[in-house]
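Listed here are the chains, written in short residue letters.
Number of protein chains: 2
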Amino acid sequence: MKITAVILAGGRGERFWPKSRTDCPKQFLSLTSDGETLIRKTVNRLSELTDAEDTFIVTNEKYLHLVYEQLPMIPKENVISEPAARNTAPCIGLAAGIIQKKYGEDAVMLVLPSDHLIKFNAMFADTLRQAVKVAKDNENLVTIGITPTYPETGYGYINFAANEYINGAYKVISFVEKPNIEKAKEYVSSGEYLWNSGMFVWKASSILYNIRKHIPEMYEGLAKIFDTFGDSGFDKTLNYEYPLLKSESIDFGVMEKAENIYTLPGNFGWDDVGSWLALERINPTNDYGNMITGDVVSVETKNTTVIGGKKLIATVGLDNIVVVDTDDAILICAKDKTQDVKKVIENLKICNRSTLL
Amino acid sequence: MKITAVILAGGRGERFWPKSRTDCPKQFLSLTSDGETLIRKTVNRLSELTDAEDTFIVTNEKYLHLVYEQLPMIPKENVISEPAARNTAPCIGLAAGIIQKKYGEDAVMLVLPSDHLIKFNAMFADTLRQAVKVAKDNENLVTIGITPTYPETGYGYINFAANEYINGAYKVISFVEKPNIEKAKEYVSSGEYLWNSGMFVWKASSILYNIRKHIPEMYEGLAKIFDTFGDSGFDKTLNYEYPLLKSESIDFGVMEKAENIYTLPGNFGWDDVGSWLALERINPTNDYGNMITGDVVSVETKNTTVIGGKKLIATVGLDNIVVVDTDDAILICAKDKTQDVKKVIENLKICNRSTLL
Numbered sequence: 033m034k035i036t037a038v039i040l041a042g043g044r045g046e047r048f049w050p051k052s053r054t055d056c057p058k059q060f061l062s063l064t065s066d067g068e069t070l071i072r073k074t075v076n077r078l079s080e081l082t083d084a085e086d087t088f089i090v091t092n093e094k095y096l097h098l099v100y101e102q103l104p105m106i107p108k109e110n111v112i113s114e115p116a117a118r119n120t121a122p123c124i125g126l127a128a129g130i131i132q133k134k135y136g137e138d139a140v141m142l143v144l145p146s147d148h149l150i151k152f153n154a155m156f157a158d159t160l161r162q163a164v165k166v167a168k169d170n171e172n173l174v175t176i177g178i179t180p181t182y183p184e185t186g187y188g189y190i191n192f193a194a195n196e197y198i199n200g201a202y203k204v205i206s207f208v209e210k211p212n213i214e215k216a217k218e219y220v221s222s223g224e225y226l227w228n229s230g231m232f233v234w235k236a237s238s239i240l241y242n243i244r245k246h247i248p249e250m251y252e253g254l255a256k257i258f259d260t261f262g263d264s265g266f267d268k269t270l271n272y273e274y275p276l277l278k279s280e281s282i283d284f285g286v287m288e289k290a291e292n293i294y295t296l297p298g299n300f301g302w303d304d305v306g307s308w309l310a311l312e313r314i315n316p317t318n319d320y321g322n323m324i325t326g327d328v329v330s331v332e333t334k335n336t337t338v339i340g341g342k343k344l345i346a347t348v349g350l351d352n353i354v355v356v357d358t359d360d361a362i363l364i365c366a367k368d369k370t371q372d373v374k375k376v377i378e379n380l381k382i383c384n385r386s387t388l389l
Numbered sequence: 033m034k035i036t037a038v039i040l041a042g043g044r045g046e047r048f049w050p051k052s053r054t055d056c057p058k059q060f061l062s063l064t065s066d067g068e069t070l071i072r073k074t075v076n077r078l079s080e081l082t083d084a085e086d087t088f089i090v091t092n093e094k095y096l097h098l099v100y101e102q103l104p105m106i107p108k109e110n111v112i113s114e115p116a117a118r119n120t121a122p123c124i125g126l127a128a129g130i131i132q133k134k135y136g137e138d139a140v141m142l143v144l145p146s147d148h149l150i151k152f153n154a155m156f157a158d159t160l161r162q163a164v165k166v167a168k169d170n171e172n173l174v175t176i177g178i179t180p181t182y183p184e185t186g187y188g189y190i191n192f193a194a195n196e197y198i199n200g201a202y203k204v205i206s207f208v209e210k211p212n213i214e215k216a217k218e219y220v221s222s223g224e225y226l227w228n229s230g231m232f233v234w235k236a237s238s239i240l241y242n243i244r245k246h247i248p249e250m251y252e253g254l255a256k257i258f259d260t261f262g263d264s265g266f267d268k269t270l271n272y273e274y275p276l277l278k279s280e281s282i283d284f285g286v287m288e289k290a291e292n293i294y295t296l297p298g299n300f301g302w303d304d305v306g307s308w309l310a311l312e313r314i315n316p317t318n319d320y321g322n323m324i325t326g327d328v329v330s331v332e333t334k335n336t337t338v339i340g341g342k343k344l345i346a347t348v349g350l351d352n353i354v355v356v357d358t359d360d361a362i363l364i365c366a367k368d369k370t371q372d373v374k375k376v377i378e379n380l381k382i383c384n385r386s387t388l389l
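Protein chains in written order, with this note's numbering: chain A, 33 to 389; chain B, 33 to 389.
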C-alpha cells in the first residue's frame, strides 16, 4: 500500500500582510528563526512517512517558481498547477485522480496544508501512521482533529462520538462552523469536540468515491482531466476544464455529507499560524512578553510583537500591539484586531494598489 | 526707546524625535500644513513689534547654516553662536549685553523661544506691547503667563497677586515647578496661577542688573565677552569665556530671586509644541479624532496621529497612538507616553548610534 502526500499550496495568506504578498504568500515565507519556509518545513516533516517522489504539491501557476526553488526534492511532474483558484475540493479531487491512476486504488493520500507549524514531528508522524491504518479500510475518511486548549472562535470544530472508535479514531458526528465564545467554551469543556485542522488521510479511491457521490458534476469535470494524466493533452485539458469546476471546499462539499468519517486527536503542537498573533506562540518572548526581531528600541513596551525591517523601530508605551515593517509598507495593529488586516487588503484592492498586495 | 527681540534657538527638541534631530531640531522643522518652520513663524509674528535688523538669534554653532537659510532677513551679525550649551541665563545675558552696548540702556528686549506656535498674532503683539509698557519702568522684569485651560503637569506655573498690578500686569509671588495633578487642579481653579511660557520682556539693563545681583560670577564672565562686541577680538573672547560660564536657566538663576517681577496673562492661542501630542491640537483631526498625513490606510483606528513617510502605513485597531515615520527610523508611541521619547534618545546615545540622533 503506497502512502502519498498532497500539499495544498495555493493559499494567499492575507492575514500575514505586509510580509505575505500576492506574489509570495505565507507558505513561502519563514516565520521562525531557523529561516526555513513553512512549506519546506511541511515537506521535511513528511520524510518519515512518504518519499519526495510520492509527494504532490498543488499550487497556483504563479507560485510554481517558488515551489521549484524551495522544494528541489519534489519531482517537477508532481507539482500540479491550478489554472484557477477553486477552493479545496477540486484540487484534492484532481490530486486523488492522478494518484489513483499512478499508484492504484489502494494508494493512501495524506492531505496537508502547506502553511502550518508543528512542534513535535515524531508525534505528528505517529498520528498520521495511525490515521493510515484507519483510512485503509472501507471508504473511511480520516480527519486529524486538534485537541483544543482554549475556546478559539476562529476555527471550525469537529463533534465526535466518544464511544465509537476504531484504532483510536472517533466516529465524527458533525462538523461545526466557527462558534461564538459561549459555544466555544461549551465545546472545549465537553471533551467531545476537536479543532478542524484541515489535515486529512484517505485512500485516493475513497475520496473520489465520495466526490462522485456528493458533487457528481465536479467529479465528471475532474475525470476528464485526470484521465489524460501522463498524456500530451493533459495540460490543455486541465487548463480548459479546471476553471469550469465550481469553487467548493472539501469540508462543505464532502466531509459534512459523507459517512464513515473518523477523527484522530492530534497533540503534536499544531499551530495554523493564522495571524500575526502566532509569532509570539512559535518564537520566544522576552520578560515583558515582547517578541522582537530586527533593529528595535522599546521603552515601556509589553506583550508586543515587532518584526523589524531596514530602519530603526522605536516603541514607547505600547501594549498588545503588532508591528511589521517591510520595504514598502508597515503594519501597526492591535493584537485583538489582527483578523482585520484583511480590511487593509480590501482597501488596497479598491484603490488598485496592486504593488502593495 | 528701541524694542529688540532675542530668539532662543539652541534647543534640541528631543521630544520630537525622530523628526527632530541633533543636526536639525524642532525649531527648524515645519509642523503645520503651510510648510513654514517654527523659527520662521516666530520671526514673522514679530514684524509688528520690531525690525529684523533689531532681532537677534542665539543658537548653536551647528545650526548657523539653518538660521541663515531660514531667516535671510536677519543680519548675520545679529546671529549669535553659542560655543557651548549653557542653558538660558548665559545666552540671555550675552544678548542683553550686546543689545545694551548697541542701543543703550533703555533698549527693551523681547525674549522668545523659537519653537512655539501662536494662533492669534495680533493679540500676541498687543500683549507684548503692553508688556513693554510695564518693562520700561524701574528694573521690572515681565514674564508672559498663559491662562491655563486645563491642569497640565508638564509646565511650571506662576503664582501672582491678583490685587497688585500695573498696566494689566500682576505682581509675581512665586514660580512653581511642574506640579502633580492634584496641585495642578488647585492652581487652575484658584485663578491665581498662569503657565510659565518662557517669554520675557525687560530692558537689557534690567536683566543685566539682576544677573549681576543674583549670579555675579556669571555677569563677570559675560561682561568680558560683550565688552568686546564689535571688536575683532569678540569671537576669540566668546569662544574662550562662554564655555567657562556655569549652566543655569534664567528662571532659576534670576526670576525666582529677583524683585519687581510682573506677569501679563496671554490668551493668544499659545502652544509650546512640547510633544507629538501637539500635532492634533495644531492641525485638524478627522471624525475619528485621527490626525493623519502621508500614505496611510487606517482601519478601526481612532484618536491616533500618523505622520507618514515614504512607505504605506497601515493602522488597525489603534487608539491613542502616535506614529512618526522617517527615512531611517519610525516611532510608535502611546499618547500618554510621548514624554518618554527622550528615553529612546538616551538608549541611542548609550549605544553610540549618533546617526539616528
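Hints listed in this document are in silico derivations from the structure and should not be mistaken for laboratory results.
You may find that some hints are simply not true.
A pair counts as met if it fits within one copy or between any two copies, since identical chains are not told apart.
Unchecked claim - Using 16 Å as the maximum straight-line C-alpha spacing, the simulated EDC-like pairs for lysine to aspartate or glutamate come out as follows: (1) K34 <-> D283; (2) K375 <-> E332; (3) K381 <-> D327; (4) K342 <-> D359; (5) K133 <-> D259; (6) K334 <-> D372; (7) K369 <-> E332; (8) K94 <-> D55; (9) K367 <-> D351; (10) K342 <-> D360; (11) K94 <-> D83; (12) K369 <-> D351; (13) K342 <-> D368; (14) K374 <-> E332; (15) K369 <-> E196; (16) K367 <-> E93; (17) K256 <-> D158; (18) K381 <-> E196.
As the structure is a computational prediction, the values presented were derived from the model and not from experiment.
With 16 Å as the alpha-carbon cut-off, assign the pair K342 and D368 to within, between, both or neither. neither (26 Å within a copy, 27 Å between copies)
Treating 16 Å as the Cα threshold, decide for K342 and D359: within, between, both or neither. both (7 Å within a copy, 10 Å between copies)
How would you classify K381 and D327 at a CA-CA limit of 16 Å: within, between, both, or neither? between (31 Å within a copy, 15 Å between copies)
Within, between, both or neither, where K374 and E332 count as close if Cα-Cα is 16 Å or less: Cα proximity of K374 and E332: across copies only (12 Å, versus 29 Å in one copy).
As a check of your reading, is K94 near D55 (CA-CA no more than 16 Å) within one copy, between copies, both or neither? Classified as within: same-chain Cα gap 7 Å, cross-chain 47 Å, threshold 16 Å.
With 16 Å as the alpha-carbon cut-off, assign the pair K369 and E332 to within, between, both or neither. between (22 Å within a copy, 9 Å between copies)
As a check of your reading, is K334 near D372 (CA-CA no more than 16 Å) within one copy, between copies, both or neither? between (21 Å within a copy, 15 Å between copies)
Using 16 Å as the alpha carbon limit, work out where K369 and E196 are close: within a copy, between copies, both or neither. Classified as neither; 39 Å inside a copy, 58 Å across copies.
Can you give me the call for K367 and D351, within, between, both or neither, at a CA distance of at most 16 Å? both (9 Å within a copy, 12 Å between copies)
Reference check for the pair K381 and E196, CA-CA at most 16 Å: within, between, both, or neither? For K381 and E196, neither the intra-copy (48 Å) nor the inter-copy (67 Å) Cα distance is at most 16 Å.
Homomeric proximity label, K34 with D283: Cα distance no greater than 16 Å: Result: close neither inside a copy nor across copies, 25 Å intra and 87 Å inter.
If the cut is 16 Å between Cα atoms, do K375 and E332 qualify within a copy, between copies, both or neither? Intra 29 Å, inter 10 Å, cutoff 16 Å: inter-copy only.
Hint compliance for this structure: hints 1, 11, 13, 15, 16, 17 and 18 are not met, and every other hint is.
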